[in-house]
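One line per chain: the protein sequences are A and B, in this order.
Each residue of the first sequence is one higher than the one before, counting from -4 in my numbering.
Each residue of the second sequence is one higher than the one before, counting from 190 in my numbering.
FYI, nobody ran anything at the bench for these hints, they're computed from the structure.
Take these hints with a grain of salt, some might be off.
Which residues of chain A face chain B? A partial, calculated answer using Cβ under 10 Å [said to hold, decoys possible]:
1) 136
2) 468
3) 600
4) 676
5) 703
6) 718
7) 719
Heads up, simulated DSSO-like pairs for lysine-lysine below, C-alpha to C-alpha not over 27 Å straight-line [as the list claims (entries may be wrong)]:
8) B/269 to A/610
9) A/487 to A/387
10) B/443 to A/584
11) A/589 to B/443
12) A/564 to B/309
13) A/387 to B/418
14) B/273 to A/564
15) B/418 to A/589
16) A/564 to B/418
FRET-style restraints, in silico, Cβ to Cβ [what the hints assert, rightly or not]:
17) A/375 to B/443: 33 to 41 Å
18) A/568 to B/269: 46 to 54 Å
19) A/479 to B/269: 25 to 33 Å
20) A/688 to B/370: 43 to 51 Å
21) A/767 to B/372: 48 to 56 Å
22) A/387 to B/433: 24 to 32 Å
Even glycine gets a Cβ: it sits at the ideal position worked out from N, Cα and C.
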Amino acid sequence: MNERIKKLRQQSLDAVPILSHERAKLLTEFYKSCEPQKHSVPVARALAFRYLLENKELCINDGELFVGEKGPVPKATPTYPELCVHSEQDLEILHNREKVWFRSSDETRDIILNEVAAFWKGKSIREKILDEVEQEWRDSYKAGIFTEFMEQRAPGHTVGDDKIFKKGMLDFKKEIQESISKLDFYNDTEAFSKREELRAMEIAADALIAFSKRYSKKLSELAQKEKDKQRKNELETMAGICERVPANAPRTFWEALQYYWFVHLGVTTELNTWDSFNPGRLDQHLYPFYKRDIESSLLTEEFARELLQSFWIKFNNQPAPPKVGVTAQESNTYTDFCLINIGGVTEKGEDASNEMSYILLDTIEEMRLLQPSSMLQISKKNPDRLLRRALKIIRTGYGQPSIFNTDAIIQELTRQGKSIIDARCGGASGCVEAGAFGKEAYILTGYFNIPKILEITLHNGFDPLTKEQIGLQTGDPESFKSFDELYSAFEKQLNHFIDIKIKGNVIIERIYAEYMPAPFLSILIDDCIKQGKDYNSGGARYNSSYIQGVGLGTITDSLSAIKYNVFDKKNFTMKEMLQLLKNNFENKKEEREKLLFFTPKYGNDDDYADDITRKVFESYFKAVDGRPNTKDGHFRINLLPTTCHVYFGSVLGATPDGRFAKEPVSEGISPVQGADVHGPTSVIKSASKIDHLRTGGTLLNQKFTPNFLETDEGIEKVLYLIRTYFKLDGHHMQFNVVNVETLREAQKHPEKYRDLIVRVAGYSDYFVDLGEDLQNEIIRRTEHTGA
Amino acid sequence: MKNTGYIFDIKKYSVNDGPGIRTTVFFKGCPLNCWWCHNPESQHTEPEEIDNCLFRWNLSYDQSKRSKIGSQVLVDEVMKEIEKDIPFYEESTGGATFSGGEPMLQIDFLHLLLTECKKKEINTAIDTTGYAPFSDFEKIYDNTDIFLYDLKLMDDKIHFEYCGVSNKLIHENLKKLSSRGNKIILRLPIIPTITDTEENISQTISFISALKNIREIDLLPFHNTAKSKYERMQKENKVVNLVPPTKEHMDELKNRFLQLGIPIKVGG
């Protein structure tokens, strides 16, 4: 890392996350004008997008090699009042909360409350959603049965493919015009709305070009004034780049990266899409440019590395949009889940790793930044060398990259009906979600609290938290004569609440389709242009809607505890068990220990427990998978938590596995913290007993102390673990490499550990930015020292 | 033949007991009584009491086993556990290791387990003190892929003093196995002032130089991790005041052993 990068990196680390009123103010100005009323919804949205890009402040940081920020300065974070209007109290919370705060100035507060909120109140999507869903949805939401992703942020959950590296916005405009010219107004009843949508895309394409030209002009002006010869040269080159891209296809490595960055800003300015946006298979996209530039001596390897490092810093400058309420609890982080994919296979199915894969891994190691996230795709065809390189980064305790099974991802995607080529060109994004990059809308709609369903079942449909009868009356549990009777009641409740969630999802999907099209994003995802349909309205080639299951370990262990102790061994009656739960095991240490230590648990390769895991998986899969959404696609499942396992635990009483009330539930498909006592091979065996290939992603956490990975032999033995897990069709594995002492120290002296990054769940985060409960949980997670 | 035996643990993802990822079965009972033994719970054959110990391995989830170390198990029960990790052995060319204690002490039980492993094509290793009649080795050496063979003290008197038995049989058996062609990994505990003396080290090197088929030598530095086990078992810990060797010293030793032309590993 040279001096320039060091300085830019430090600036990025030091920048304070603040709320920016810029976007909200401009958007409000636009919608207050008569303009939107003259146009259809998509065209008005596109014009608003253009207004934002025409008027937002330009930001060129001293010495940087790429231009453009979401806000006026690094880490100034815009708000999206058309989706979520912030109240005075929200601003207060955002400003003052202990973790993941956003400071706001008096001016910003004044504008957001008096100009922005005053206009958008009653018109926002969040309010529409809460008005339109049914009472049973609201009751379940309040009880913490599920969360709702779209109440503050827009659907996104998609990733770019190679098209922007081959075509400019002008090429896309040609495609759009061609699509318009092919519209059949005589036979296609949707021809008019298609034309409006396509016109909107055209406006959006022009808007991004105009935005880059504003930068080009400003860079030229700066170049003229610049005294330093080298910087003057750079500024001139950058002005030339911004003149050329994104209007035209990029020709050089530098142009390719700046082009992507404009696209990133475009998507995330248009809406606050989940998981921001993501270049996807970056080593694949960049390698041809790199090779060409190096061969023609346009670029040195050294400068290519510097460009990548500078590019990395741009991601780190963009905290995730500010979230409040339950949404903040389910995804409590500055990370915006832009997950760079490295490795995997080519569209022909061959090993895709190349020189750029290793350069990107070096960049990750050297930059050690929170964002972007990174992952390595490992297929059986990729060399061990690639995996070894990644493990050597992981052992430094940085939590990145996470490791994914390409062969599993491809099978998951083809099972869902994607072509094998689209599947091979895909990967994983967000936390662990499999997708066909550039061709799929794979929307995460909300987390689902599986252990809570058991609590409701054990109370005959009554929720002890909200004191409401929100579930079905499936019978007094004391009357159940067998485990099967209990399980069948649990399954009925599960189906009942999944139905409620799906009905809500269908309503919310239509709200976005009607009111919140995303014409700019639609340009980037096939086949929106071809079909004349918006991304939010089913324009993508593939449309999947996910409900993410949480708490597989906790539900398994809880059901196992009842089966084992109540029905098999008769250690307790059901009545006694319910009493234990009601009293949160108060003064019942011995009974609780029986449940904790002498009951079969998930994560130990013990079929007594793991058969229950298989059963719950099947029930969850059947309840969700294959049901139609409103975009000609289907509902699917995946198993990941972000930080939602903490929230879901907080709304849940004591559970039969010995967990105290309010403690977090298990995360992803990892065992309950501390329940796995036979080491990582047993965890992997248990985790592979669910059918990963019928999901769209699962998350498995493993923790190692640094000394285990110190030696090359230690690295080899972890490599074998990963290869075996993937042979067993495991989807993903991530590692926390820190010792407990370090974490405790960091908890005591956060100030000294501001750079300590740990793996949370599908992403890495600064340890000191995590809530205390989450910090404690990470400390508790089983250490597999393998000593 | 006896199809049950006494063991005190089965450890998965065992990465220091032979090549690859292994499952190590710890036999209970040992004819030696080494001062530095880090598995004091392995010495007696019969199950014994220990304080504050929750067992990782608990076949029957029986609470009564909580404070008892060791249990009598069937060959089938052990095989069931070993077979669970076959995918890992295959990926890493690992397998099963029988350790202890001294696995040779329960030769019939060991023989059955090794035969079962061979039937299932699972790679096998025995971690042995070498203190057993050679006729017992004859029963099992065809079904054993690797011997992890301990070599402690060259001087018979000193060996007797610190390990409780003569080293003659141990050394004779090693020579026989070596000349017969069995794969052997030698394991040398480096115990300050006891095995780690100039005399013992040079005698050890010259002894090894006459052997064949030694695939690797593991130098195992003394560590204090068994301290609390001794306390909880209320056993006398005779090496409580020893200080573990430094990394630099281990590197020096490694360099000395390298003259044998055999791969040397520090730690096992």
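Verify the proposed pairing of residue 273 of chain B with residue 564 of chain A, using a straight-line Cα cut of 27 Å. holds (26 Å)
Using the beta carbons of residue 479 of chain A and residue 269 of chain B, state whether their distance is inside 25 to 33 Å or not. holds (26 Å)
Can the suggested window of 46 to 54 Å be confirmed for the beta-carbon pair residue 568 of chain A and residue 269 of chain B? violated (32 Å)
The hint names residue 136 of chain A as touching chain B; please verify it with the least Cβ-Cβ distance against 10 Å. With a minimum Cβ separation of about 39 Å from chain B (threshold 10 Å), the hint on residue 136 of chain A is violated.
Honestly, do residue 688 of chain A and residue 370 of chain B meet the 43 to 51 Å range at C-beta? holds (46 Å)
Supplied distance hint 33 to 41 Å, evaluated on CB atoms of residue 375 of chain A and residue 443 of chain B: holds (36 Å)
Interface hint compliance - residue 600 of chain A to chain B, C-beta minimum distance less than 10 Å: Holds, about 5 Å.
Regarding the pair residue 418 of chain B and residue 589 of chain A, is the alpha-carbon distance no greater than 27 Å? holds (24 Å)
Distance restraint hint 48 to 56 Å, applied to the beta-carbon atoms of residue 767 of chain A and residue 372 of chain B: holds (53 Å)
Does the CB of residue 703 of chain A sit less than 10 Å away from some CB of chain B? holds (9 Å)
Check whether the Cα positions of residue 387 of chain A and residue 418 of chain B lie no farther apart than 27 Å. Between residue 387 of chain A and residue 418 of chain B the Cα gap is close to 34 Å, so the pair fails against 27 Å, i.e. violated.
Check the hint pairing residue 443 of chain B with residue 584 of chain A against an upper bound of 27 Å on the C-alpha distance. Since the Cα atoms of residue 443 of chain B and residue 584 of chain A sit roughly 51 Å apart, the hinted pair is violated (cutoff 27 Å).
When held up to the earlier numbered hints, the structure conflicts with 1, 2, 9, 10, 11, 12, 13, 16, 18 and fits the remainder.
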